[in-house]
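> Position chain B relative to chain A; hints supplied.
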Amino acid sequence: VTPLIRVVSLAVLPIALMISFSYLVTAEERPGDGFTAGIITALALALEYLSFGYAQTRRRIRRIRFDYVLFGGLGVALAATVLPLLSGDPLLGMQRLVVAIPVLGELKLSRSMVFDVGIYLVVVGGCMTVIDGLEEAIG
Amino acid sequence: MAAVPVPILIATAVVALPMVGAALILPMCALGFRRAAGPLIGCATSALTAALVVWLWAATDGPVVWRVWWAPDLGIGFGWAVDGVSLLFALLVASIGLLAFVYSAVFVPRPVSAGYHAYLLLFTGSVLGLVLSADLVQLYLFWEMTDIFAFFLIGLSWRDPAARASARKVLTITLAGGLALLLGIVLLGAGLGSFRLPGAAAGPPAAEALHLTLAVLLIAIAAAAKSAQFPLHVWLPDSMRAPTPANAFLDSAAVLAAGVYLLVRLQPVLSLSPWWPWVVGGAGAASILAGAALALRAADFKIILAGSTVSQYGFIFILLGAATPEAVAAALFFLVQHGVLKAGLFFCVGAVAVATGVGARGSAGGLWRRMPALFAVTTLLALSLGGVPPLSGFWMKEGFLEAALSWDRPAVVALGVVGSALTLAYMLRFLAVVFAEGAPAPGPRPLAGLLLAVPLTAAAATIGLGLWPDLLLRHLVNPAASTVWATSVDMEVSLKPGPTLLLSVLALSVGMAAFLTRGRLRPRLARLASPLPTADGAYRAIGSAAERAGRRTLALQSGRLSRYVSITLAGMLALLGFVAWASLRGGDGAWRLPPPAGSPLDLDWRMTPLLLLICGGALLTLLLRERIHMILALGAVGYLIAGVFALALAPNLGLLQVHVETLVTVLFILPLAALPEEVRRRELPDRGLPNPVVGFGLAGAAGSAAAWLSWRAVESAPADPVARWYTENAAGLTGAEDVVAAVLVHFRAFDTLGEIVVFATATAGVAARAALMRRERS
Numbered sequence: 001v002t003p004l005i006r007v008v009s010l011a012v013l014p015i016a017l018m019i020s021f022s023y024l025v026t027a028e029e030r031p032g033d034g035f036t037a038g039i040i041t042a043l044a045l046a047l048e049y050l051s052f053g054y055a056q057t058r059r060r061i062r063r064i065r066f067d068y069v070l071f072g073g074l075g076v077a078l079a080a081t082v083l084p085l086l087s088g089d090p091l092l093g094m095q096r097l098v099v100a101i102p103v104l105g106e107l108k109l110s111r112s113m114v115f116d117v118g119i120y121l122v123v124v125g126g127c128m129t130v131i132d133g134l135e136e137a138i139g
Numbered sequence: 001m002a003a004v005p006v007p008i009l010i011a012t013a014v015v016a017l018p019m020v021g022a023a024l025i026l027p028m029c030a031l032g033f034r035r036a037a038g039p040l041i042g043c044a045t046s047a048l049t050a051a052l053v054v055w056l057w058a059a060t061d062g063p064v065v066w067r068v069w070w071a072p073d074l075g076i077g078f079g080w081a082v083d084g085v086s087l088l089f090a091l092l093v094a095s096i097g098l099l100a101f102v103y104s105a106v107f108v109p110r111p112v113s114a115g116y117h118a119y120l121l122l123f124t125g126s127v128l129g130l131v132l133s134a135d136l137v138q139l140y141l142f143w144e145m146t147d148i149f150a151f152f153l154i155g156l157s158w159r160d161p162a163a164r165a166s167a168r169k170v171l172t173i174t175l176a177g178g179l180a181l182l183l184g185i186v187l188l189g190a191g192l193g194s195f196r197l198p199g200a201a202a203g204p205p206a207a208e209a210l211h212l213t214l215a216v217l218l219i220a221i222a223a224a225a226k227s228a229q230f231p232l233h234v235w236l237p238d239s240m241r242a243p244t245p246a247n248a249f250l251d252s253a254a255v256l257a258a259g260v261y262l263l264v265r266l267q268p269v270l271s272l273s274p275w276w277p278w279v280v281g282g283a284g285a286a287s288i289l290a291g292a293a294l295a296l297r298a299a300d301f302k303i304i305l306a307g308s309t310v311s312q313y314g315f316i317f318i319l320l321g322a323a324t325p326e327a328v329a330a331a332l333f334f335l336v337q338h339g340v341l342k343a344g345l346f347f348c349v350g351a352v353a354v355a356t357g358v359g360a361r362g363s364a365g366g367l368w369r370r371m372p373a374l375f376a377v378t379t380l381l382a383l384s385l386g387g388v389p390p391l392s393g394f395w396m397k398e399g400f401l402e403a404a405l406s407w408d409r410p411a412v413v414a415l416g417v418v419g420s421a422l423t424l425a426y427m428l429r430f431l432a433v434v435f436a437e438g439a440p441a442p443g444p445r446p447l448a449g450l451l452l453a454v455p456l457t458a459a460a461a462t463i464g465l466g467l468w469p470d471l472l473l474r475h476l477v478n479p480a481a482s483t484v485w486a487t488s489v490d491m492e493v494s495l496k497p498g499p500t501l502l503l504s505v506l507a508l509s510v511g512m513a514a515f516l517t518r519g520r521l522r523p524r525l526a527r528l529a530s531p532l533p534t535a536d537g538a539y540r541a542i543g544s545a546a547e548r549a550g551r552r553t554l555a556l557q558s559g560r561l562s563r564y565v566s567i568t569l570a571g572m573l574a575l576l577g578f579v580a581w582a583s584l585r586g587g588d589g590a591w592r593l594p595p596p597a598g599s600p601l602d603l604d605w606r607m608t609p610l611l612l613l614i615c616g617g618a619l620l621t622l623l624l625r626e627r628i629h630m631i632l633a634l635g636a637v638g639y640l641i642a643g644v645f646a647l648a649l650a651p652n653l654g655l656l657q658v659h660v661e662t663l664v665t666v667l668f669i670l671p672l673a674a675l676p677e678e679v680r681r682r683e684l685p686d687r688g689l690p691n692p693v694v695g696f697g698l699a700g701a702a703g704s705a706a707a708w709l710s711w712r713a714v715e716s717a718p719a720d721p722v723a724r725w726y727t728e729n730a731a732g733l734t735g736a737e738d739v740v741a742a743v744l745v746h747f748r749a750f751d752t753l754g755e756i757v758v759f760a761t762a763t764a765g766v767a768a769r770a771a772l773m774r775r776e777r778s
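Taken in sequence, the protein lines are chains A and B. Its first residue numbered 1, the first sequence is counted upward by one per residue in our numbering. Its first residue numbered 1, the second sequence is counted upward by one per residue in our numbering.
Only chain B is shown next, with the shape it has when bound in the complex:
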């Protein structure tokens, strides 16, 4: 193996470190550090990870991609790609993750759980792995891991049914998005001939190709599900059940940024499709409005923030829809700024919840007078997100408007102005709801210093980035955008008189006016919006339809063996009937059986009495009255079959048949002793049997069909059967003298592995059922 470049080693450490930290937490708890283990290991590992990411950023000059084959036949590899894009996302994730862990050191989530820090660490590692992946399939794996750990974080208070329902809803939607992603990746990989990231290895696909269109749709669905875009944004309010620091991390930067990362990475290929701007930009446009509507209505502090996140990511999606280098730069600039601001706001809400003890949905009237410091920090962050100069949020809106103006689509510019106005309006509302309105909260408790220091860091960042936005652009955003499009991108923002500034001022004044007149506006808006079907309603409708359909399948689960066997046989007959029909019809159908080769069946005449005895034994089983006799007759049939195998020169099979038959007989006899006398003697009528005509008809048809199929299979054996190849090559290729062993553990070992997994699963099912029955008895 060639020497691995240093950045790649660092990247490996960056992904592995949080996972290792998570694995250490549980043993530490077991050693008696129950309270300290999580915060301590969490902070230490995330600090180290952040330091490593910064080192990685400093140590990387140009893109470094390292990839080994994983499944070469499928074109799937495994590796890390360190370049401008992945570094930007990794830095964002690692730094906000660090803030979240520091905050979590003093913010104790309820219920207290050591799992909280472990899941958060695992989540951090997954997101970092996602943004550093050098292969689409690998990216998909990390993508699903983030879904699963987010699920655990949201369901942390799993004793609460509402939390469980929320966690399930989030998982359902994000996993559905994940499935779409997998399909999209497969289509894209098949079209490009490689799953390599970044960029396409082969030539770009034709713009009109169907697989590209499908891939665009599927990947846009996946990204929308991940980034909470309309109409898949309905999970974001539910994810607010997670502890607040987890929200600050997951729902400002990590989970949602992953969807943006995907679109940024695949943009050069996917935007060849004419559908791209409509699908991606359309989702963004709808989200700006849907998110704002949520943020303007919600009472829960965190759900106001969730609505604003949906709306802000809408801006990013519109910029991604434009698919130009400048627009990508603006989108990334927006993303980083928003991440910092939104995380800071979540930290503020957490502090309020801790101080008042009323949670995130209580009223905290007049709090601003009693907690001026926290109020000041929150105001700074909220106004920044609202786009008030000279804070950083002003520049993100400027960047959007500038990109929109150069895209030359008036509708987008108008949407940007409306969206910005709405942003200011709901951020002002947020401040009013959290700090001013409502009944006075119980006297605020003194806050731990860190609960204030962490949001203060974000506030300092927003002032700093507001004064020197070029720092961010020069060191992170422009290199990243240049990597995406492989051209030099030089985005800059500055305060100069022009249409952008005018539009910004317009948006701010409209937003201010909307906030001041909200008392009169709200009822009108509510009337306007009430007849619209909500996305949440659609989710519930789909969910209950699925549940109803699921209940219908219970009709099949009657609990009667004869019913199950009948259904299975009927299904088998239907399949065979289809094959027979296709086979008889002729033509070029792919379902045709090969024509009979005409080779006569080479039967040993000594088998004839055995076969007759087998028929007799089977009939006898039906006629006997005592169950023990039935079992023995069935066993006799089994031994006779072993004899047939022996005569057919299949000693291995015969041997196995004898053993299995004996074991099955014993398994039948063992429980017999426990059955009541009249059941053993079959004195009670057998209930639940199908109508004899149906039963015999079904059994006879299934038996005849199976016989017909076997006959055809033997008759139409190919001239050069694979069996001969196995026989000839067993010893040479595998060293096994026994050809059956060669097939079982060498040639078809993978099948064998699958079979024992099935066997193990089935027995585990039996054991679980038995445990259930014991519990029912006691």
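Isolated chain A, as found in the complex:
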């Protein structure tokens, strides 16, 4: 592992997070969705692990319990599933909200976006749980 890779991976993380976020927001307009976004984030984190080693990376992000992220994401997705019931829509029914943001245009918020966030969290949490598990299992 060369210093170059470390620098690159440091730079990649924020970029990857931004790409993930943009995928999440524009999931309904363009290719890319919560699943892809989750994979990208997990990939960037895995790159950190590879270039800085498990221990050092973990020290930096130790507050994150990825199993909580995993099941929290599942909770978010389930909430997005049942919430439409409250307003009389069917399960996973549609609710949307268009918010106009000055300069940037308008942002469509919808039930499906919450659902996508849930998927994103499940994917990130799941992949990182597996990586942590590998670390635990073989050291």
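Fair warning: there could be bad hints in the mix.
[What the hints assert, rightly or not] Covered stretches of chain B (in silico footprint by chain A; criterion: 3 or more residues with CB under 8 angstroms from a CB of chain A, positions within the stretch not fixed):
1. 498-505
2. 728-740
3. 745-757
4. 762-772
Rather than coming from a laboratory, the hints here were simulated on the basis of the structure. Ideal placement from N, C-alpha and C gives every residue a C-beta, glycine not left out.
Using the frame of chain A, we list chain B on its own:
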């Protein structure tokens, strides 16, 4: 939403209140009220619940049913039905529940657990929800909840392996009954076109209809499992591991009454089947004898009571088998009386156990002289259950005999007399075992007043109901029976000379004689019964057979990846082979693939080099020696596939493929560093691989089969594919411009939800395995 009637609001509160109370107990414990929280909240909530049920009873004139749709496409609703039947059961459950909680305030179960009161409250709420349900599916949910909370109560001392085994046995049998109930409900609902309770919405099904017969059998099994009827009664003695007040509540009124409730509710429909009297009445008849045999043999005080419960519920089942309005009234009368008496007897046993400190199976010789008050109360209750006038138990036997005589089946009358005689015999034996026989117990400790006051309440009730049985009949039983059959039922009991009285006297004298000559009778009976297979033995045989079968499946779990893959591929091939065979055979088989539509495969020629490279990469993976090279070659194959997707105009898929491939490669590489050098270089021979001929054969066959299936799938695409519909309607119906997103999070969002649940479960499995490996290492 239309205004909800007041009784329905009360019913909601009745079910919700115990659950809320249970939810409050844990936080209260955390706040430092460890000892007080359970008893305090338990008593307060159950008192409030009982008050609400009484209010509900007073506020309800006629049946009130309120139901909203839950899954309208399936005809499933959710709601409450408040009428005579549900009120009778709710009053019984709430009042005995209240007694149990008051008793539990001073009866400290071992081990001390705040969970005890919480589970008991949750259980109370579930039973109340069960009897108030206005829908069969909803009833099923509450039914299973009662099973689960009873399981926790029985396994309260879970550190004791025997308690765990008992709890598991109870859960196994009652859950099996629950499954039967679910099947029966589905059959019944499909036949009636609705899961509505009470009563059928559509016309009654034909008596000979197969689904009705099956539903009768299944629901009778469920009720027998719940009400501890032969041969499914074997769990009841095991449930005696629960703390005694819980037994008083669960095993006298709540759990067992739920099975009776089910049969009472569904009786008008189910008794159309000619099987009904034989199945239900037959179970009852066998239970009278099986329960009595248990009660006459057992040494443990509580198991004597359990046996007597099995036997008494046998009477109720026979009455339900008769399926006439009068018989239902007699059954409900019997049920309420028995509930009060049996709960009282359990409370007495609890008091004895506390006073002597020897538990419910120790000997307490000569106790009657030292604890006269407790002895008097217990005697009153036991004699009442034995059918001695003028106590209430006398009337329940009278009611049974009267209904049996009017049913005009001599065998049932004879069984009633024998059963009554046996009842008196084992209740006398119970008194003798608990208070007289055996070595003297250590000096009794003074009892808390409540431990005596609670059984005293039951004793007062049995005297009161013995003197004025009409009160119970007029206010609870007759309205309930009238609701079931939608006719006016007017059951009454009175002391008048006639065949019933004669039979009662006969039964009592036979019972007395049997008790007095028990020393001579017992060995003979034991000889008579010993060659019979016991139901408990059957349970054990089934259990060990299941365990053996389970151990056989371990042969599949070799721990070798190649083995797992081989088994999976073989299974896939078998399935595909079946489909191919059915497809080639032709005919009208439902398994046929659609005929080829003849649409030529529209391939981009630029894919050809990519596909060739993919084949090359796959072969290379096999030939490379170093694992890191293998991983990279595999990764290359993945990227090439992404290229194919891109050319096939599936950018979303291509994008995802690139990301997933990268992540998988990283996941492969991460642990590689930790492996020993010779493993990394594949210098050690790979063990456990299948024979190369088998391996290549299997892989080749599976690959060819998959290719064939894909080819056929593309070839026989329907003329109007659903894909086109998705493409055309994505933007209009969902507002998503990206059709893939529209499919993933709108059209097939439910599938997506299922997939992430699977994904989460699988990763949780990986994490658990990893934690296990770490523990093994350290």
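> Which of the listed hints are broken here?
Of the numbered hints, just 1 does not hold.
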